[in-house]
Amino acid sequence: MNFINDLLKIIGDFIAGIINSIFGFSPFLADLVTMGLAAVILCTFAALSFMGLTYVERKVVARIQDRVGPNQAGPLGLLQPIADGIKMFTKEDTTPAAADRWVYNLAPLVIAVFALTTYAVLPFAPDVVGTNLNVGVFYIIAVGSGSIVAIIMAGWGSNNKYALLGAFRTVAQLVGYEVPMLLNVLPVVMLAGSMSLVDIINQQTTLNGNPGIPFIVFFPLSALVFLISGIAETARSPFDLLEAESEIVAGFHVEYSGMKFALFFLGEYVNALAVAFVFSTLFLGGYAGPVLPPYIWLLLKAAAVFFVFMWLRGTLPRIRVDQMHNMNWKFFVPVSIVHLVVVMALLKLFVTNPAMAQANGGILVTPGVQAAILFTASMLILIGSLMIAARRARIMRLQEEAVLEQRRAENIAAVSA
Amino acid sequence: MRTDFAFVGVMLVTAALLMGVTLVAASLLRPKKPSKAKLETYECGMETVGDTWVQFRVQYYILALVFVLFDIEAILLFPIAVAFNSLTFFAVANVILFIVVLLIALLYAWRKGALDWE
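Protein chains in written order, with the numbering used here: chain D, 18 to 434; chain U, -3 to 114.
Hints listed in this document are in silico derivations from the structure and should not be mistaken for laboratory results.
Beta carbons: idealized from backbone N, C-alpha and C, even for Gly.
Accuracy of the hints is not assured; some may be wrong.
Just some of the chain D residues that point at chain U, by a computed CB distance under 10 Å [stated by the list, open to error]:
(1) L24
(2) I27
(3) D48
(4) M105
(5) N370
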């Protein structure tokens, strides 16, 4: 059982051992080669999961919409990703004559590289992590916003009006939804006392006298807002208005074809999967779980989160630009700030560490009670803010209807006169 | 600490190499038959008129300003969050005051119509 649990770590040690013993590198070179191999494995994992996910997503969305989905290439259409890959490789690639060549050609590379680099800090099992940065969460959000640079490069470099309009929209959206994302990572960092993803997972396991409660119980509101802003950050449906076909053709990647388009696609999927991984790490306890080996637990949780993404894509229509901005700036940001203030006050009022209670004052409670208090507060904020939003929406709708009614009456009066 | 970030560098280089290789491989495999019509800027079959640099909405600019405000707030708050357990109640009260001031700033921008998208 131990062997299966530590499988990834054992394989890693085995490969590192072989490299060291056979080639006899100097310590520096051995380090470099091991890191390079780990990087190649992580990139390959991300690229392969991209291929798998395109197939799974098409099948699941087809099921939701009562279609069959890909079923021609191979049994059940399983070879569809390979067929797509061959097509992407052999498709003619046109660069518009008016394009800014350097920027145009570099943009897909930049988006794919930034998306893959996110995986450097994701912990897959105990001791199996590319690198345990002490600023892990911050790093992921920083690298994740690298795709904004790539998108503005693509929009500018294409020298196409649709592409530029799409790029403007995208940047406004991605930049805006970064704010609630940051504000809702803060409670998790506060409770864990660290930005390292490994430390955050350790706080959610039963090791070291921790209660083993996943952080979603402490911060359900944060989890919800983080999930929705994650979907907006990766520009997936229903937030895919940057590639609204009916308005701006395909947005920033209208001029791209062949492998360059495939890299944009890869960047999008790899980013979405990274958000699923980060969500399961921050709020669902990461690889922690009973019976099954840790990496299986992480994959199961990430798959469940990604299924929610596909589910939303299959059911919701695309939202409008003004709705998107209103939802962010007039709902998520104020609610997140209020939630943050309440969480700060409650975490100082109800402490679990006796030494802290002695030093700073505050009421000593067990972790379970603390979780219950924070859960209730979060839910109260969520329900209260939704009620306020519903009230405002009703008032605005009534006003609009009154204006329409008045206009109709004026029209009738004008006609009869 | 140094090796922690070294991996990020290695990861960047590896990802760039792998993706670069796929691009080069595709450029070797694919056909290349450019023609004048193919290389035109796509605009639903019409010829493009005028400059690409269309005027953009001023709201983008205002939203970017609001974003900068909150991004800097987040950068200030992350160190506080890491050190949260060792902060005294008084320090936390100060931080809350700081956040509330920012909330008032957001409400002011909202009131002024900076967040409206028409």
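Results for each hint:
{"no.": "1", "hint": "L24", "result": "21 Å, violated"}
{"no.": "2", "hint": "I27", "result": "20 Å, violated"}
{"no.": "3", "hint": "D48", "result": "7 Å, holds"}
{"no.": "4", "hint": "M105", "result": "7 Å, holds"}
{"no.": "5", "hint": "N370", "result": "7 Å, holds"}
Going down the numbered hints, you'll see the structure goes against 1 and 2, while the others check out.
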